[in-house]
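Undergrad: Sequence:
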Amino acid sequence: MKFHFFSKKNLLDEMQEQTMRKIESRGCYVFFFGLVAAVVIQNMMGAPREQFMAEGILLTLGCLYMLEESLRHGLWERHATATTGTNLLASFVGAAVVGGMTFVRNGYWPGALCSAIFSGILCFAALQWTMTLALKRRKTLDEQEEENEDE
188 MKFHFFSKKN LLDEMQEQTM RKIESRGCYV FFFGLVAAVV IQNMMGAPRE
238 QFMAEGILLT LGCLYMLEES LRHGLWERHA TATTGTNLLA SFVGAAVVGG
288 MTFVRNGYWP GALCSAIFSG ILCFAALQWT MTLALKRRKT LDEQEEENED
338 E
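For the sequence shown, the numbering used here assigns the number 188 to the initial residue and increments by one for each residue that follows.
Read the hints as simulated data drawn from the structure, not as lab findings.
All figures in this text were calculated on a predicted structure; none of them were measured in a lab.
For glycine and all other residues, C-beta sits at the position ideal for the given N, C-alpha and C.
Check each hint, because a few of them may be wrong.
[To be verified] Restraint ranges, calculated between C-beta atoms of paired labels, are given here: (1) Glu-264 - Met-231: 24 to 30 Å; (2) Thr-273 - Val-217: 22 to 28 Å; (3) Ile-210 - Glu-264: 16 to 22 Å; (4) Leu-262 - Ile-210: 31 to 37 Å; (5) Trp-316 - Tyr-295: 17 to 23 Å; (6) Cys-301 - Leu-199: 20 to 26 Å; (7) Glu-334 - Gly-287: 45 to 51 Å; (8) Thr-271 - Gly-294: 17 to 23 Å; (9) Val-227 - Thr-273: 20 to 26 Å; (10) Ile-228 - Leu-275: 27 to 33 Å; (11) Tyr-252 - Asn-335: 26 to 32 Å.
[To be verified] In the DSS-like style, the derived pairs of lysine-lysine whose C-alpha atoms are separated by at most 30 Å in a straight line are: (12) Lys-209 - Lys-196; (13) Lys-209 - Lys-323; (14) Lys-326 - Lys-209.
Modelling step: build the complete structure from the supplied sequences, incorporating the hints.
TA: This is the structure:
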């Protein structure tokens, strides 16, 4: 008798599958924000970069995977619309966090202000670029879906 630990057949009904997806999603957010907190706390405590390099690498890999998969499926965000205003608000929040962390760590407000402005501009540019890619991919997928329905 063969025993396969991982079965390729889905053993869950639709309700169980939806519940499992919620559990996995929440678990992903716990890991994501836990890694962010670990990196931020260690950075604020002045730990050497080598000490939290592994967390940074895992966080970066997870972010890149989620970005690539979202763009591949033409998805942006579940609770926010893909607009320039939303991106501006998100980049402002990111800039405030970076500026605040820099000020707390170094106590030098001109440097904190410069790092906040630079990170805000960089974040806004990255969000605008990825929004454009996601909307373009969504349009392509919708056109393919319409072509398939017409046939």
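Undergrad: So, for every hint listed, does it hold in this structure?
TA: Verification of the hints:
At about 28 Å, the beta-carbon gap between Glu-264 and Met-231 stays in the expected band of 24 to 30 Å. In this structure, Thr-273 and Val-217 meet the distance hint of 22 to 28 Å, their C-beta atoms being roughly 25 Å apart. Between Ile-210 and Glu-264 the C-beta distance comes to about 21 Å, which sits within the given range of 16 to 22 Å. Evaluation of the 31 to 37 Å hint for Leu-262 and Ile-210 yields a failure: the beta carbon distance comes to about 20 Å.
In this structure the supplied range 17 to 23 Å is violated for Trp-316 paired with Tyr-295, their Cβ-Cβ distance being about 31 Å. Between Cys-301 and Leu-199 the beta carbon distance is about 52 Å. The supplied range of 20 to 26 Å is therefore violated. With their beta carbons about 49 Å apart, Glu-334 and Gly-287 fall inside the hinted range of 45 to 51 Å. Taken as a hint, the range 17 to 23 Å is violated for the pair Thr-271 and Gly-294, whose Cβ atoms sit roughly 34 Å apart.
Hint check: Val-227 to Thr-273, Cβ distance near 23 Å, so the stated range 20 to 26 Å holds. Checked against the given bound of 27 to 33 Å, the beta carbons of Ile-228 and Leu-275, roughly 28 Å apart, stay inside it. Between Tyr-252 and Asn-335 the beta carbon distance is about 28 Å. The supplied range of 26 to 32 Å therefore holds. With a CA separation close to 20 Å, the supplied pair Lys-209 and Lys-196 stays within the 30 Å bound.
Taking the CA atoms of Lys-209 and Lys-323, the gap is near 28 Å; set against the 30 Å cutoff, the hint holds. Restraint check: the Cα-Cα separation between Lys-326 and Lys-209 comes to about 27 Å, which is no more than 30 Å; the hinted pair holds.
In this structure, the hints that do not hold are numbers 4, 5, 6 and 8, in rising order.
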